[in-house]
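**Student:** One-letter residues, chain by chain:
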Amino acid sequence: MRSKPVQLAIAGVLFVGVGVLVAVFTLALALLGEPDDNVTALTAGKLVIALFALLTLITTLGISLVWLERKQLGRMQGRVGPTRVGPFGLLQVVADGIKLLMKEDVSPSSSSKAIFYVAPLLVFVPSFVVWLTIPLSEDLVVRSLDLGVFFFIAVSVLSIVGLILAGWSSNSKYAILGGFRSAAQLVSYEIPLILGVLSVVMVADSMRFTDVVNAQATVPYIALLPLAFVVFFISGLAEVGRTPFDIYFAESEVVGGPFVEYSGAHWAIFFLAEYVNTFVVAALGALLFLGGWVWPFGDLGQVPSVAIFLGKTYFLAVVIFWVRATLPRLRIDQLMNVGWRLLIPLGFASVILIAVQRFYGWPTWTLTLMSLAALVVAAWVQMRMQRKDAVATAQRYAQRAVEVQPSRRRPGPESQQA
Amino acid sequence: MTAEQTYDTVDMMLNMGPQHPATHGVFRMVLTIDGERVVDVTPHIGYLHRGSEKLAENESYGQVVTLFDRLDYVANLNNELIFCRAAERLMGIEPPERGQYIRVILAELNRLASHLLFIGTYAIDLGAMTPIMYGFRERERIQNMFESVTGARMMHNFIRIGGVKEDVPADFVPRVRALLDDVERGVHECDRLLTFNEVFLARTRGVGVIDVPTALSCGLTGPSLRASGMAYDVRKDYPYEVYPYLSYKVPVGENGDCWDRYYMRVLECYESLSMVRQCLDQMEEGPVMAQMRRIARPPKGEVYVHGENPRGDIGVFLVSDGTDKPYRVKVRPPSFCNLVSLRPMMRDAYIADAVAILGSLDIVLGEVDR
Amino acid sequence: MTEQQPPEEQAAPRPAAHRGPPIEVAEEVLDSRGEHTAGALRLALRDMALESGGRDDVPWVRIGREHLIRAVESCVRSPNLRMDMLHCLFAVDYEERIELNYVLFSLGNGHKSLLKVDVPPDDARVDSLTGVWEAAGWYERETHDLFGVEFDGNPDMSPLILYEGFEGYPGLRSFPLHDYEEW
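Chains as they are written, first to last, in the numbering used here: chain A, 1 to 418; chain B, 419 to 788; chain C, 789 to 971.
I should point out that these hints are in silico values taken from the structure, not numbers from a laboratory.
None of the values given here were measured: they were computed from a predicted structure.
Take these hints with a grain of salt, some might be off.
As the list claims (entries may be wrong) - Here are the simulated DSSO-like pairs of lysine-lysine, each with C-alpha atoms no more than 30 Å apart in a straight line: (1) B/Lys654 to C/Lys904; (2) C/Lys904 to B/Lys472; (3) A/Lys388 to B/Lys667; (4) B/Lys743 to C/Lys904; (5) A/Lys103 to A/Lys173.
Full structure from sequences and hints, please.
**Tutor:** Listed below in C-alpha cells is the structure:
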C-alpha cells in the first residue's frame with residue numbers, strides 16, 4: 001500500500017501523461033498536410049493551447065454525461081439520483097473522481113504490467129483524438145479536415161486495440177472473455193456504422209463535417225434518411241457498448257469484462273473514455289443527422305450555435321440513457337445476428353436506395369419514402385419473430401391456468417366459537 | 419480429421435462465484451466453456467452452511483421458528499408457517515381461524531414480496547436496470563406492512579406454534595387493501611415493462627428448457643415445475659390452513675423455458691393479490707392463538723409436512739422425543755432441489771444463458787445451504 | 789438466545805386444551821388418502837416390508853437395506869403408486885441405528901409416502917438411488933457429509949455442503965454443538 005501523496009502523484013503523472021500523449025498525437029496529425037483555407041491558421045503554440053482547452057472541455061462534457069445519466073436513470077426508476085454533493089448533485093462526479101484517484105492502483109501480480117498500464121491510454125486517446133475534427137460550431141474546430149468523417153472512423157476503431165489488450169494483459173478469465181467479446185462486437189458493428197455514415201456522405205457529397213452540416217440547412221438528414229439514422233444509432237450504441245449492447249463488460253456475466261482487474265486512476269480513465277465515447281456518438285448523430293448547429297425552424301436570434309449543437313447532442317445522449325433504462329442485454333450470438341443479418345443489410349439497402357435515387361435524379365422526398373418503407377418492413381419482420389408468439393402464449397397460459405374452487409365451505413362463526 | 423488434430427482447442431474452466439454479482443449470494447458454479455458455449459457445469463454449494471438443522475436440535479420449539487426465518491430469508495413468513503404447521507400437527511392442535519387467516523395473508527404477501535424481488539433481480543441478471551427499482555419499491559411497501567404487524571421487516575418470528583404472536587393492528591384491513599392496490603399497480607408496471615420486451619423475449623424464450631420427466635427426476639417444484647406443464651401446487655393438491663376456502667388459479671406453462679418460469683411468477687403475483695383480498699373479505703374477529711401449554715412439548719412421534727413456498731415445495735420432517743426440544747428437524751429446501759436441475763437446463767447454453775437460467779430458478783442460498 | 793417462548797395471548801382464563809400430564813406418544817392415524825396410499829404400498833412392497841405405520845396422508849414402510857433398490861423400483865413401477873419424485877432424503881440418528889428416510893411422492897397419482905431404511909452406525913452403507921432419480925445425488929452427498937452414510941454407486945461423493953477436509957459428521961447426535969475446534 002502506497003501512501004496517499006504518492007498515490008496522488010502517480011495519478012497526476014498519469015493524467016499529465018495522457019494529456020501529453022493526446023497533444024503529441026493530435027499535433028502530429030494536425031500539422032500534417034496543407035493548412036485549410038477556411039480555418040484560421042494556427043501556429044503550433046496556439047494549437048497546443050487549443051488542444052489542452054479541448055481536452056478540458058471534452059472531459060467536462062464527458063463527465064457531465066455521467067451526472068446526466070445518473071440523474072435521468074434515477075428519475076426513470078423512481079429515485080432522485082445524486083443530490084448531496086453540490087447543487088442537484090452536480091459535483092458528485094467530481095467527488096467520485098477524487099475518490100478514484102485516491103484509491104490504490106492494484107494490478108494482478110501475473111499481469112503483463114506494461115500492456116496493462118498502456119491499455120487504458122489506448123482506449124482513451126482515440127476517443128479524444130476524434131475531437132480534432134469534430135466541429136462544435138462553424139468556426140469552433142481544431143482542424144476541419146477534408147476527410148473528417150473518414151478520419152473519425154479511422155481513429156475511433158483504434159480503441160478496440162486497447163480493450164483487447166486490457167483483457168489480454170489482465171491475466172483474468174473474465175477479462176479475456178470480455179476482451180474477445182469486445183473485439184467481436186466492435187469489429188462487427190463498425191461496418192453498419194460506416195454504412196450509415198456513408199449514406200450521409202453520399203447525400204451531402206462531402207466528407208467534411210462543416211459541409212455535411214451546412215447541407216442540412218433546410219432539412220436535417222434524419223428526415224431524409226431515417227433508415228440510415230436507425231442503422232447508425234443502433235450500431236453507435238454497440239460501438240460504445242451501451243445497453244442493450246453492453247455485453248463486453250456485462251457486470252452480471254463477465255463482471256466488467258476488460259476492466260475487471262483495473263482500479264483507481266486506470267479504471268477512471270476507462271470510465272471517462274466510455275462517457276466521452278458516448279458523447280462522441282451523440283455528437284456525431286447530431287452533426288450527421290440532426291443538422292448540427294443549424295436550426296431549420298426559423299431564426300433563434302442570439303442563441304449561440306454551439307448551444308444548438310450541444311442541445312441536440314444532449315438530446316441524443318438522453319435517448320441513449322433512456323434505452324439503457326428500458327432494455328435488457330442481448331446475448332453474444334443475438335448481438336451478432338442483429339449486426340450481420342439485420343443492420344448490415346439495412347445499411348446496404350440504405351446506400352443502394354441513395355445510389356438509385358441519385359442515379360435517376362429522383363426528388364429527395366422519394367428517399368424519405370423508400371427509407372421509411374424499408375424501416376417499417378424490417379421492424380415488422382423483427383417484431384413478428386418473437387413478440388407475437390409470446391403474446392399468444394401468454395394468452396393461452398391465462399386461459400389454461402387451473403382454477404381452484406373452494407373445496408370446503410367456510411364454517412360459520414358459531415362453530416368457531418365452540 | 420487432421421485439421422482437427424492440428425488446431426486442437428482446450429475447454430476453459432470458468433469459476434463463476436462464490437463472489438459473482440449474478441449468483442444471488444455465495445453460490446459457485448464451475449463452467450467448462452468452449453468459447454462462449456457452456457460444455458458442462460458443476461454447481462458448488464455450502465458457503466452459507468450454518469448447521470441450522472443441528473442448531474434446531476438444541477433449541478426449544480419456539481426458538482426454532484427464528485432459525486426458520488433465516489433459511490429462506492426472502493420468504494421468512496412462509497418458512498415460519500411450515501415449521502409451525504409441523505409442530506402443530508405433532509401436538510394435534512389447530513390454530514383458531516382468525517390466526518390461520520392472518521398466517522395466510524402474511525404468507526401470501528411474503529410470496530408477493532419474494533416474487534417482486536425475483537422479477538427485479540432477474541431483470542438485472544439480464545441487464546435491465548429499471549425493474550429492480552420498481553420491484554423493490556413495491557416490496558418495500560409490503561415490508562412496511564410487515565413491520566407494522568410483526569415489528570420486524572425480515573426476521574419476524576411472528577407465526578408461532580398454535581397461531582400468531584398477536585392480533586393485527588386495528589387498521590390492518592384497510593391498510594392492506596390500499597397496499598394491494600398499490601402493489602397491483604407495481605406488478606403491472608413491471609409486467610408491462612419486461613414481459614413482452616423484445617430483448618427480454620430473445621434472452622429467455624427457449625432458453626434452459628426442461629421437460630416434466632427430467633424436472634420430476636431432479637425434484638424441481640414450485641413455479642419452475644409448473645412452467646414445464648405440471649400443475650402441481652401444494653395449496654391446490656394438499657390444501658392447508660384456510661386455502662380450501664379460497665378460489666384462485668394455478669398458472670401452468672408449456673415450454674419449461676426461462677420465460678415461462680418468469681411468467682408463472684408474474685401470474686402468481688396476481689393470484690396472491692386476489693387470495694389476500696379474499697382472506698380480508700372472509701376474516702372475522704376471534705382469537706389468534708390456540709389454547710396450549712406455554713412451552714410446546716409435542717408427544718413422541720414424527721411428522722412430515724410440506725407446503726408451497728414462493729420457490730417451491732418446502733418440506734419439514736420433525737421428530738419429537740417428548741421433550742421441549744426437537745429430536746431432529748429436517749428441511750427439504752425447494753431451492754436446493756431446484757438447483758439439481760441446473761445441469762440438465764444448461765445443455766447448449768451460452769455463458770449469458772447460464773446467468774439467465776440460474777436467475778430463473780430464483781434460488782436463495784440461505785435455504786440451499788441451511 | 790433471547791428468544792421468548794410462545795406466550796399465551798389470551799388474558800381471559802380459558803380452559804386449556806392439553807393441561808395435565810403430557811401425552812407421551814402421538815397418535816398415528818392415517819386419513820382416507822393415507823389409507824389408500826398405504827394399501828397400494830403394502831401391495832407393492834408385500835415381501836419387503838418389515839414394519840409400517842403413518843400419520844395423516846403419509847404412510848411409512850420400513851424395509852431392509854438390501855431391498856432398497858428393489859423396493860424403490862417397485863414403487864416407481866407399480867401402476868397404483870407411480871412414485872415419480874424423490875421429494876426428500878435424509879437421515880435421523882437414533883444413536884443405536886441411523887434411519888434413512890426416503891420421501892417418495894407421486895405427483896400424478898397424489899401419493900405421499902416414506903420409505904425407512906435402518907443402517908447400523910458402524911457400517912452405515914446403503915445403495916445409491918442416483919440411477920433412479922437425479923435428485924438423489926445431492927441428497928446422498930449431503931447425508932454423507934452430515935451423517936457419514938456411504939452410498940454405494942453414487943459416482944460423486946465429494947463434500948457438498950461441508951468443505952473438503954472437514955473432520956467428523958456434524959449431523960450425528962454425538963457431534964458436539966459448541967465444544968469443538970474448527971481452525
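**Student:** Taking the hints in turn, state whether each one holds.
**Tutor:** The hints, checked one at a time:
A C-alpha spacing of about 28 Å is found between B/Lys654 and C/Lys904, which places the hinted pair at or below 30 Å, so the restraint holds. Only pairs whose Cα atoms come within 30 Å are accepted, and C/Lys904 paired with B/Lys472 is accepted, the gap being roughly 21 Å. Among the hinted pairs, A/Lys388 with B/Lys667 is consistent with the structure: their alpha-carbon atoms are about 25 Å apart, no more than 30 Å. For the proposed pair B/Lys743 and C/Lys904, the alpha carbon gap of about 23 Å is at most 30 Å, so the pair holds.
About 24 Å separates the Cα atoms of A/Lys103 and A/Lys173, which keeps this hinted pair within 30 Å; it holds.
Consistency with the previously given hints is maintained throughout, with no hint failing.
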